[in-house]
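Taken in sequence, the protein lines are chains P and S.
Okay, so the first sequence: first residue is 1 according to the numbering used here, each after it adds one.
Okay, so the second sequence: first residue is 1 according to the numbering used here, each after it adds one.
For the record, the hints were derived by calculation from the structure and aren't laboratory data.
Among the clues, some could well be false.
What the hints assert, rightly or not - Below are the EDC-like pairs computed for lysine to aspartate or glutamate, each with C-alpha atoms no more than 16 Å apart in a straight line:
1) K442/S with E371/S
2) K442/S with D159/P
3) K378/P with E462/P
4) K584/P with E301/S
5) K584/P with D302/S
6) K378/P with D453/P
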Amino acid sequence: MIYMLAVFAPLAGALVAGLLGRWIGDRAAMAASVLGMAVAAVCGPLAWAMLEWGGAPAGTIRIATWIQAGSFHVHWALRYDALSAVMVAMVGFVSMLIHVYSVGYMAHDSYRRYRFFAYLSLFTFAMLMLVTANNLLQLFFGWEGVGLCSYLLIGYWYDRPAACAAAIKAFVVNRIGDLAFAIGVAMLFLTFGSIGFTTIFAHLAQHQTERYHILGGSIRVYELIAILLFIGAMGKSAQLFLHVWLPDAMEGPTPVSALIHAATMVTAGVFLVARMSPLFDQAPAAMTLVAVIGGSTAFFAATIGCVQNDIKRVIAYSTCSQLGYMFLGEGVGAYPASIFHLLTHAFFKALLFLCAGSVIHAMSDEQDMRKMGGLWRKIPITYVTMWAGSLALGGVFPFAGYYSKDAILEAALAAHSAVGDYGFVMGILAAVMTGFYSWRLLLMTFHGKPRGDHHAMAHAHESPWVMTVPLMVLAVGALSAGFLLHGIVIGPHWQYFWRGTLVLAPGNQVMTAMDQLPGWAYVVPSIAGLLGIAIAYWFYWWNPMLPVRLASQFRPLYLFLLNKWYFDELYDALFVRPAFALGKLLWQTGDETIIDGVPNGLADLAVDGSRGAVKIQTGSIAVYAFTMLIGLVVLVGIFLIWG
Amino acid sequence: MNAAGFPVLSLITWLPLVGCGVLMTVRGDEATVATNARWIALWTSLIVFAVSLVLWFEWNPQDPGFQFVETWPWLPDYGVSYKLGVDGISVLFVLLSTLLTPICILASWESITRYVREYMIAFLILETMMVGMFCALDFVVFYIFFEGVLIPMFLIIGVWGGPRRVYSAFKFFLFTLTGSVLMLLALLAMWRYAHTTDIPTLMHTHFPAKMQFWLFLAFFASFAVKVPMWPVHTWLPDAHVEAPTAGSVILAGVLLKMGAYGFLRFSVPMLPQASAELAPLVFTLSVVAVVYAAYVALVQEDMKKLVAYSSIAHMGVVTIGIFTFDVQGIQGALFQMLSHGIVSAALFLLVGVIYDRLHTREIARYGGLVERMPFYAFLFMLFVMASVGLPGTSGFVGEFLVVIGALHVNFWLALLGGLGLILGPMYTLYLYRRVVFGRMTKPDLRGMLDLSPREIAVFAPLVVLALWMGIYPSSFTSFWDATVTQMVARHEQAMATPALPARVQLAEATRR
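With the hints as extra help, turn the sequences into a complete structure.
Spelled out as structure tokens, the structure:
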């Protein structure tokens with residue numbers, strides 16, 4: 001009951017705000033939306049605590065039938081187990097803070113705000129449906145639901161062309177992954193005759209050796225399903241090749257970035273892989289792919305983050321990179337570590353985005369870090385909380401990232417495989433860059449000489465308490481989530497905590513092996529982070545001319561990174577422009593010239609013919625009748641012969 | 001005689017003509033006639049809809065066969081009778097037709113000002129033809145209704161259409177008629193072979209393989225034009241562009257379903273071997289339609305053309321589903337047909353709303369409508385999402401079931417047929433962005449009013465259905481579950497037994 005309340009309260013808030021907002025006004029709509037979230041934020045953690053410590057039995061709450069077609073049955077249901085409950089608790093809590101923050105952040109927005117809050121709550125509801133799904137199709141419902149809401153929220157400022165373009169981009173790129181996901185789900189149905197998690201996991205042993213024939217070869221069906229699902233996860237979690245929508249999504253209001261990039265949506269892919277861990281564990285090739293893509297994304301996104309000048313973009317690429325870590329962890333089979341990082345990341349990344357929002361708020365909507373500087377006296381609370389977030393992101397002891405990120409890196413090394421080592425190296429390099437870009441951001445924004453225009457600088461002010469209180473709460477989370485939780489979540493008794501929801505393949509000893517590594521393995525990640533921080537100080541504190549000199553010296557490399565490895569340009573040339581050209585070609589040449597050429601030509605022929613016929617006969621009706629008769633004779637004749 | 005206790009199907013079929021009779025008697029000056037004609041037509045169509053609800057409430061979902069059957073002898077010597085009945089495949093399309101007709105009449109309330117009475121008569125005749133077509137259980141009766149639909153539609157486009165209406169009307173007529181002539185020949189051939197035109201009997205008649213092949217092609221010519229499948233689709237955008245809004249609604253909502261219905265009623269059950277043999281052809285054309293139409297839709301400058309091309313792409317998914325011969329695939333096709341009937345109807349109505357205000361369908365003339373018309377923008381977004389198949393809306397269920405069915409055939413069919421999932425949002429969201437989002441810069445848009453109560457009444461049932469079908473689709477799939485399961489079982493049985501030239505007629509088919 002409490003669990004249902006946690007999931008459906010945001011929906012109620014969204015409906016009240018969205019459908020009645022025009023009549024009850026912005027204030028009432030905001031109140032309804034925040035109230036719904038508050039209920040969820042209380043009920044979610046409560047339901048989790050009851051399951052974990054209160055002895056409440058795990059189970060499924062069935063609501064109604066959804067689709068029934070022959071042997072295909074799907075139900076609307078809420079799954080109540082350790083993985084779902086911890087996600088519900090986290091999503092509800094972080095989202096509530098973001099709602100509260102938004103009340104302050106959006107106060108001066110010239111648009112009607114009920115719309116914004118309705119979307120925000122709906123988004124949360126979709127995410128909750130995703131994590132509580134008991135079958136893959138309901139998961140897909142939430143999956144697409146967050147896609148829709150992110151489209152609406154990114155395009156919230158609908159009169160900005162960039163926002164509209166980014167919104168469409170997000171939706172379409174996500175849909176590429178979604179198609180693979182849908183086919184993966186269909187394939188699960190064909191293999192297991194069901195898409196419910198319980199049935200699938202119970203029958204995993206039966207179809208282990210089945211193969212699927214494709215492209216002239218054959219592949220184990222588990223591998224294929226896992227790869228298809230992972231492509232879906234790549235789209236949603238912005239992994240390499242399908243990451244292009246995420247940085248553009250910064251066009252939305254900042255609380256949206258916090259919600260999308262921290263608590264929800266982008267973590268859906270990581271969640272999916274963890275949820276399907278029993279299946280993924282039987283698909284080693286797919287796991288390798290997950291680890292390689294994850295490790296590569298962690299490195300790739302971090303390189304871009306190092307040179308961006310838009311404060312939100314830096315954090316966006318950092319998200320991309322951190323999601324790469326999570327997939328890396330899953331790829332080597334350390335699901336608990338990945339989900340742990342997902343949880344801590346939700347806190348500190350939401351914190352960083354909301355801090356960035358507070359900075360932007362203070363600077364009268366300026367987002368370019370080159371026009372900031374020296375802000376720390378003006379907005380001290382934001383400054384301190386952002387330090388906390390950066391320390392957590394950089395993995396400095398005892399902040400949250402130190403526990404969760406290091407656990408992933410240790411797991412990668414403990415896997416003792418080629419991909420594990422690759423992931424470890426990539427992860428360490430990314431950790432150096434993480435420290436670097438985080439402190440680059442801090443130093444450029446808060447220290448040095450004020451570089452903004454005087455007007456904005458004079459106006460810079462600390463945000464109201466509705467915005468700073470969520471920052472402080474999140475900062476406490478970023479500080480404490482790691483050392484409070486790591487013992488129970490990834491410690492020796494992790495199996496007790498997760499209660500069978502995260503399954504490691506028999507023989508996969510990575511969770512124990514990561515505690516038995518040589519000593520240096522535990523120190524290297526921290527050293528890497530500190531090294532990055534030191535470089536940032538060297539570049540932006542002691543020697544501020546150095547970055548400029550380096551940028552001009554290695555200009556091609558700098559431009560390569562600044563332009564995000566030219567992925568947008570590449571895709572534009574490969575897919576977007578050809579699509580329009582192809583459309584024009586098919587329409588004007590295909591339809592209008594070739595296909596219509598035939599009937600129009602025939603029509604002309606008929607007109608000419610009938611003109612001739614008119615002269616001989618009485619009129620065109622006779623010609624019609626005559627032609628029909630001939631046709632009749634011919635075809636009936638055919639049937640007479642062969643019939 | 002049937003579950004309703006009275007000939008409900010005949011009543012639904014012929015009642016609109018009674019309304020026509022009443023319309024004929026209206027006298028007075030032009031304005032009075034117009035007003036009265038509107039009200040008479042609306043009430044007639046509403047009564048018909050109310051009667052048709054009997055089918056919804058009295059339906060027996062366990063019975064896979066025909067229900068509400070009524071038979072009267074017509075030409076007994078030739079094995080032709082007036083026979084009506086519905087099974088799971090047709091029943092909801094009868095309801096779709098009776099639902100869309102009052103919506104169309106209401107949507108034409110203010111936009112049609114010339115020859116109002118004649119317009120309403122045309123619509124009511126159209127309703128008779130559509131309903132009769134879906135109810136017919138005799139091939140001759142079916143053929144008459146199938147062709148009869150053309151006449152009122154031809155007039156609606158040709159008389160009340162846009163500037164190029166005559167060209168479009170003729171193109172529409174000729175394309176569809178060419179196919180139909182071939183179907184007539186198929187009808188004659190089947191009659192010659194089976195000595196009856198009773199559809200249930202024909203469904204149990206085993207036609208020789210070679211004959212099946214020819215019959216299939218003849219049917220295919222007719223139904224493929226109606227669907228429309230690539231490359232005989234070009235009449236559709238033209239017809240839509242020139243047709244009045246309500247004409248487009250019926251065209252997209254019901255008329256396009258006639259082709260797919262024909263495949264399900266004739267091709268698949270009567271010609272199983274030929275259907276299986278030629279399925280790759282259908283798949284190829286369908287996949288081309290899904291991709292081709294989507295790309296063409298992307299570059300359209302006329303809103304109605306864009307929606308028309310999206311219809312072609314969506315119907316491609318339907319034809320894929322039908323020819324998978326799989327329970328999920330066929331149910332998906334049926335669901336997609338029903339959903340498309342609601343969603344594309346709504347999209348055309350949405351275009352009609354702003355066309356009524358600005359009298360242009362050119363996308364570039366709009367922009368930033370959300371500022372003046374927030375409720376309109378909301379509805380537009382809802383149906384755009386239903387069109388791109390967002391889970392929770394009607395569009396998703398059909399699309400996903402078809403993907404399952406297609407995967408039964410092979411991986412590539414599922415992948416290529418599913419490309420609509422990616423391409424759909426491209427053109428619809430791009431349309432939405434250009435029309436609804438953006439800054440309102442054009443001065444003539446400032447006076448645009450949001451939806452009137454009449455317009456809200458038009459959309460309300462469609463909104464309810466689009467969401468109902470998405471959230472609780474079981475109340476729709478239960479209608480055809482038994483029928484489709486039986487159909488697939490029969491198909492598999494037919495494929496298991498080798499094609500024999502012997503004339504196999506099952507006595508049980510004529511039992512009813």
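Evaluated hints:
1. K442/S with E371/S: OK: K442/S and E371/S at ~12 Å, within 16 Å.
2. K442/S with D159/P: Cα-Cα ~13 Å, so holds.
3. K378/P with E462/P: Holds - the C-alpha atoms of E462/P and K378/P are around 6 Å apart, at most 16 Å.
4. K584/P with E301/S: Given pair K584/P, E301/S holds - Cα atoms ~11 Å apart, limit 16 Å.
5. K584/P with D302/S: holds (14 Å)
6. K378/P with D453/P: Holds. K378/P to D453/P sits at ~15 Å (cutoff 16 Å).
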